[in-house]
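Okay, here's what each chain looks like letter by letter:
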Amino acid sequence: MENEPQKAWMRALALAPRARLEEARDAIADAPGFTRLRPTETGLVMVRARVGGSGGPFNFAEMTVTRASIRLDDGTIGQAWIAGRDTKHAELAAWFDALLQDKARRPALLASVIAPLERERHAQDAARAARVAATRVDFETVVRGA
Amino acid sequence: MYVAVKGGAAAIRAAHELLADVRRGDRDVPQVDLAQIDQQLGGAVDRVMAEASLYDRELAAVAIRQARGDLFEAVFLLRAYRTTLPRLGDSEPLNTGAMQVDRRISATFKDLPGGQVLGATFDYTHRLLDFELDAPDLSATTPVCTAPPPPRVGDLLGADGLIEPNPDDGSTPADITRDPPTYPASRAARLQALSRGDEGFLLALGYSTQRGYGWSHPFAGEIRRGFVDVEFVPEELGFAITIGKVEVTEVDMVNHFSGTEDTPPCFTRGYGLAFGHGERKAMSMALVDRALRAAELGEDVAGPAQDQEFVLSHCDNVEASGFVQHLKLPHYVDFQAELDVLRRLRAERIEEEALKEAAE
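As you go down the protein sequences, you meet chains A and B in turn. Read in order, the letters of the first sequence are residues 1 to 146 in the working numbering. Read in order, the letters of the second sequence are residues 1 to 360 in the working numbering.
Keep in mind the hints are simulated off the structure, nothing from the lab. Just so it is clear, CB atoms sit at the ideal spot from N, CA and C, and this is done for glycine as well. Heads up, a few of these hints could be off.
Chain A residues, not near chain B, derived (Cβ > 10 Å throughout) [stated by the list, open to error]:
#1 Lys7
#2 Arg25
#3 Pro32
#4 Thr35
#5 Pro39
#6 Gly56
#7 Asp102
#8 Ser112
#9 Glu118
#10 His122
#11 Asp125
Dumping the calculated DSS-like pairs for lysine-lysine here, alpha-carbon to alpha-carbon at most 25 Å [to be verified]:
#12 Lys7/A with Lys245/B
#13 Lys7/A with Lys103/A
#14 Lys88/A with Lys7/A
#15 Lys6/B with Lys88/A
#16 Lys245/B with Lys6/B
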């Protein structure tokens with residue numbers, strides 16, 4: 001459970017468009033520099049699924065993923081694993097992950113970066129849900145021979 | 001068998017240049033861009049990702065454009081690209097039960113918890129060519145709260161013991177991209193092979209089971225489509241994080257019941273899962289998955305769709321296409337040998353007939 005906050009912000013950073021992370025970075029006045037702990041790398045993750053949706057696992061198919069590990073100038077380490085091949089997205093996400101480790105910065109970053117990203121995603125989900133809801137159907141069974 | 005040939009380099013180069021020219025077509029027509037393929041030919045992107053067994057919409061669009069819309073060729077390109085990337089690990093199993101559904105229907109229950117939503121579908125369209133193809137503006141639709149994910153139809157039946165539970169023996173699943181095939185194959189290996197199998201092949205096999213070559217009396221218990229989180233545990237963190245979402249179509253097919261002396265009769269299941277709007281593929285896969293369980297369920301293995309080795313070793317279209325198309329490669333030596341044998345046989349026969357005539 002102690003990891004829940006980090007899981008939440010890593011998810012928000014992974015699902016956000018890269019352009020939004022760039023905007024958020026540019027809005028930070030005292031943005032610290034960083035170095036790469038290892039080269040940012042694109043590879044594959046084997047996506048597993050479950051037999052019948054709820055049984056044992058099987059190997060479904062692969063997806064591309066990019067991982068980044070960075071170190072801020074103050075030594076804080078940030079990580080990111082992001083679907084796709086966008087190294088800039090992964091490095092930005094890792095950079096924010098490192099920034100968010102800093103307890104002094106965290107509340108402001110959660111409020112100014114993570115919360116808006118989540119709101120935007122919820123708004124998109126809600127818009128999609130609305131369009132889908134219009135296709136909700138009630139089939140009526142016609143009694144044969146009645 | 002084909003043998004090495006020399007020469008032809010200039011002709012091959014020219015052929016590839018000609019291909020590039022033909023691919024581009026009339027230069028007065030703008031080149032199609034990747035976003036257009038992704039957004040407006042999503043069905044092609046979904047199919048290429050499914051059969052290449054690689055989720056990356058942009059790469060699939062690149063492959064489709066390069067293959068000038070030949071989807072088999074695009075699948076091949078993506079499979080080849082895949083081999084250039086390292087495998088960084090395995091995801092946590094997808095939780096399709098937590099999917100925000102963009103489509104969810106059942107052919108078994110009219111009224112079911114969570115309801116039925118058609119979503120974007122070709123079903124009930126009239127299949128009339130539309131030369132105008134207007135897109136409606138749905139931007140003004142009032143947003144609604146996202147509904148909680150609906151319960152699974154299989155779980156509703158399962159609560160009363162009316163359907164078999166999904167098996168989980170806790171073992172690590174086989175990976176057919178790394179482990180050589182063995183028969184009988186595990187359910188996990190079969191599902192992986194079917195997931196990347198050719199849609200046309202699986203559709204035909206699924207259809208064959210309906211026509212009597214492996215009858216299993218299927219009902220579409222539940223079809224759902226939507227995006228699901230992919231979770232992964234990076235070694236450096238030690239806990240699962242969401243790395244992105246994939247869009248999948250899932251089919252839980254309810255089939256006729258079986259029972260044994262130990263277990264009361266209950267419905268059996270076939271499972272299908274495909275990337276994107278892969279409904280035809282996922283339904284076909286579910287039919288074939290169920291058919292391949294014939295031996296396990298004590299049924300006669302009579303139809304092709306029930307034959308594991310037949311299905312699994314022929315469902316991959318990259319392998320199939322490679323072996324069929326290799327017939328184009330120079331077989332000159334092979335053919336010369338056959339030609340020699342044929343000439344000798346004919347010469348011998350003429351000689352025999354001449355001798356016979358002389359004797360008469």
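Results for each hint:
no., hint, result
1, Lys7, "violated, 6 Å"
2, Arg25, "holds, 20 Å"
3, Pro32, "holds, 20 Å"
4, Thr35, "holds, 16 Å"
5, Pro39, "holds, 12 Å"
6, Gly56, "violated, 4 Å"
7, Asp102, "holds, 17 Å"
8, Ser112, "holds, 21 Å"
9, Glu118, "holds, 12 Å"
10, His122, "violated, 8 Å"
11, Asp125, "violated, 5 Å"
12, Lys7/A with Lys245/B, "holds, 15 Å"
13, Lys7/A with Lys103/A, "holds, 16 Å"
14, Lys88/A with Lys7/A, "holds, 20 Å"
15, Lys6/B with Lys88/A, "violated, 46 Å"
16, Lys245/B with Lys6/B, "violated, 49 Å"
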